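Q: Residue numbers 1 to 325, in the UniProt record's numbering, belong to the letters of the sequence shown in order.
Honestly, the hints are just simulated from the structure, not real lab data.
The structure displayed is predicted, hence computed values, not measured ones.
Treat the hints loosely; a few may be bogus.
What the hints assert, rightly or not - Straight-line alpha carbon distances no greater than 27 Å define the calculated DSS-like cross-link-like pairs of lysine-lysine that follow: (1) LYS224 / LYS269; (2) LYS34 / LYS257; (3) LYS107 / LYS30; (4) LYS224 / LYS323; (5) LYS199 / LYS180; (6) LYS205 / LYS190; (7) LYS180 / LYS190; (8) LYS230 / LYS242; (9) LYS264 / LYS34; (10) LYS275 / LYS263; (11) LYS31 / LYS75.
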Amino acid sequence: MKKISMILLSLMLVGTLIFVAGCGSDSELKKEAKDYTPIEERGYANPDALISAEDLQDIKDKDDVVVVDFRHIAKYKLGHVPGAVNVYRSDEENPNAEYGGMRATPKQMEKMLQSRGINNGDLIVIYDDRGDYDASRMWWILTMYGYDNVKLLDGGIVRWEALGYDTQISTPDVEEGNFKFDRDEINEDKWLATVEDVKKAIDDKNTVILDTRSEGEYTGAELKKGAERKGRIPTATWIEWKHAINGGKSEGIRTFKTAQELKKVYGSKGVTADKQIIPYCQSAVRSAHTTFVLTQLLGYEDVRNYDESWIGWSSREELPLEKDE
1 MKKISMILLS LMLVGTLIFV AGCGSDSELK KEAKDYTPIE ERGYANPDAL ISAEDLQDIK
61 DKDDVVVVDF RHIAKYKLGH VPGAVNVYRS DEENPNAEYG GMRATPKQME KMLQSRGINN
121 GDLIVIYDDR GDYDASRMWW ILTMYGYDNV KLLDGGIVRW EALGYDTQIS TPDVEEGNFK
181 FDRDEINEDK WLATVEDVKK AIDDKNTVIL DTRSEGEYTG AELKKGAERK GRIPTATWIE
241 WKHAINGGKS EGIRTFKTAQ ELKKVYGSKG VTADKQIIPY CQSAVRSAHT TFVLTQLLGY
301 EDVRNYDESW IGWSSREELP LEKDE
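Modelling step: build the complete structure from the supplied sequences, incorporating the hints.
A: Okay, here's the thing in structure tokens:
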């Protein structure tokens, strides 16, 4: 009986410690959420590319505003911004592409967006819980296909919840939307790098091939599922995508650094506005994030995301690579 009592006491103590730790973490998040530099004070080239939780709270119920929760459906069902529809990676991928994870076609994107009740002219606000790591991929595709009425939620769902704003677990009922891309506005040449572009860039001093993966992937110490070989594209400069955001903890609030801070991050490695920049990662998700940072926050004009990225490059045996010994 004494042994059982000791076990119960131990469990109660563990539960208390978890509760206290949770409260401390929650308190830290609330403090971090309020200690927030307004977007318009950070010196961005295009501050309208982002929206704060406070501003979204004011407009989310408007008929021409659609909020997109870009997380796995399991997370979405645990709680999301009221009225938000769910989209995730497979929803914007082309299952017929040569490599996994490649962008959906305009027609495929239209069908998906219509099914979420999105109409032409709607403001699309996208968020995730990882510093817009995933959300920026959808931003890139929409922008490349000519639709620019899109914003990313700075701080994502984490800051939204830390500010005490409501969430819901139910899925909203939506009517089929009428969303269509203007074919005359689609501009893949401006936003997309091909394998031929990357091959030429290797020996071009005016072009920076920018590896946005983890250091282990860059050096060749790690190989993610889907890629065939370890290493990097020759001459690539390494700046991991997350160097552009504050925080770093998986459950913390991740907001974008100021323009001044970002200029130091990229300028110190020669990634400057006078160069052509070709970001890549494993499947152009992290590199889409960097594309957003360089074009929208710093105003770079010549940045093209390499959609095939390392999955495509490593799968072609004839293409060269580098790796640390």
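Q: Are the hints correct? Go through all of them and say.
A: Taking the hints in turn, this is what the structure says about them:
no.	hint	verdict
1	LYS224 / LYS269	25 Å, holds
2	LYS34 / LYS257	16 Å, holds
3	LYS107 / LYS30	42 Å, violated
4	LYS224 / LYS323	15 Å, holds
5	LYS199 / LYS180	34 Å, violated
6	LYS205 / LYS190	20 Å, holds
7	LYS180 / LYS190	20 Å, holds
8	LYS230 / LYS242	21 Å, holds
9	LYS264 / LYS34	26 Å, holds
10	LYS275 / LYS263	14 Å, holds
11	LYS31 / LYS75	24 Å, holds
The structure shown violates the earlier hints numbered 3 and 5.
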